[in-house]
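Student: Chains as they are written, first to last, in the working numbering: chain G, 1 to 367; chain P, 1001 to 1142.
You may find that some hints are simply not true.
[Unchecked claim] In silico EDC-like pairs for lysine to aspartate or glutamate, Cα to Cα no more than 20 Å straight-line: (1) K367/G / D199/G; (2) K1087/P / D200/G; (3) K1087/P / E209/G; (4) K367/G / E73/G; (5) K1087/P / D95/G; (6) K1098/P / E1111/P; (7) K367/G / E110/G; (8) K1098/P / D1122/P; (9) K1087/P / E1123/P; (10) K1087/P / D199/G; (11) K1098/P / D1115/P; (12) K367/G / E44/G.
It is worth saying that the hints were derived from the structure and are not from the lab. Source: prediction; values computed, not measured.
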Amino acid sequence: MEDLLAGLLRDLERRCVTLEGLLAALPPDPDTAAHALESYEVLERARRDAGRLALEPDLAEPSLSGNYLRLFERLAERVRLIEWMVIPFLARYDDADRFLTAVTRRLIDESRLPVRPPLVGGFSTQYYWTFPPYSVIAVPAGEAESILGLADLCHELGHMVLADHEVELVGTFPTALARYVQSGQAQMVADQRPPRYVDDFVSHFARWEDDWLLEFVSDMVAAFLAGPAFGFQHVRLCAGLGRSPYSPGLGEWAEHPADCARLEAIVAVIEIMGDVLGASRVRQLWADYMGINGEAEPADYKLCYPASLLQELAREIVGGCQALGVRTYRDAASGDVIAHVLRAWDEFLRDASGYPRYEEEVIARLK
Amino acid sequence: MSETGALAHEYRLASELSETLNRALIGLKKAQLHTAGEDIDADDLRRARSSVAEIVESVSNAVRSHEGRGFPGISDIPPAVTSHILKRRRGQLPYYLKDLDELRVHLKGSELLSDGDIRLLDEIAGLIDAETAQVFRRLMRK
């Protein structure tokens, strides 16, 4: 084991040197300089750690080798994250990326979001995604020429805020969630529901705790930032993806909560902020979509995504964003990025066929 | 909207926990074994014991919270780790929680840990490591 572990650690050291060489060869650029330096520092720390571990005299001690192997694994993951999640942004940083990065950084400044300025790259194969620890956001290749989808940037920024301010944003919601699950479970037992049904209910809410809460929170931060524009974009995205709007329900598994519940979460925030008209326009667009989609609400849907929980979370998020000093779309100045996105949506919904010319003009102005 | 942001969040918490616990465990085990004739720095050892004691307390709180015996809140312990413990220890949970409480007391003192203490810590570390690796694999599939 000692030879294997020492060999693996030496191999990792060499990988770090290779990647450091790639970073050092990049042309200097003020947009990417901070990310390149941070990546270099992470790699250098990993290289030194790997070198130190390789020299440990007790690497082969049976009671310790498992712990050393785990440390190697964490180091290797750290290096791979830089190689896979950050270096691609730095290596291809082109004009489209520069525009997307500038728009995003402007949006952050205007909204006073407490996040590090990210790098945004237009090369995603997974729609929008972010990796908050290294402050990068990937978007599909065409997004630099589109305004409507930019509302989804706010969801990714929500993940970034959440990474650093979970307690401020989520508040006491975990207690409310746990209370709902406990009382629901007790009621089901009292109603003599089959044990499988109770297990499905508990598993469903374990997903809330694991991943879905983070998605709901990021949606709600996005709704706070972009208001109806994010709601409209959610409808546009759902229509394009063709997922069942009520899935996952009880006994089903997915990495995201149901799209219909996400829509309700967005609307809850817009309503709490007093934008009655905005909330009703988002609801109407969703109703139009559901009218075409034709899918009926399953019997257990409200049990899986109770409105009371979503509203409680929405109150926490609005309060949390306000406490963090984040500016909502309602306070945006006319020239702000969010104001452009909101007007673009108004224009699209008013006259979809004339919209492309409008969008081209707005993008030219933003550039 | 991809789930990478949520996974990144999960991964960061799990990997930091895994690394902290493994580093501390190496220090504790070295002190037990006096391996390679090394003198373990007393301050390092105290810090290692203290950080492991905090992790053990978090595990204990997370298990109690899932069992409805404590105040729920945001936990440092990945929910999947808590679920594994609940499944694995089903039927002997009160004893397990008592073992964790005793382990925490031992860690806060200065006497050597027992083999049972070390086994318990290795089991927790193993579960956290497995969850970290699993989240990392999901993250990289995105």
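Student: What hint numbers does the structure not satisfy?
Tutor: 1, 4, 5, 12
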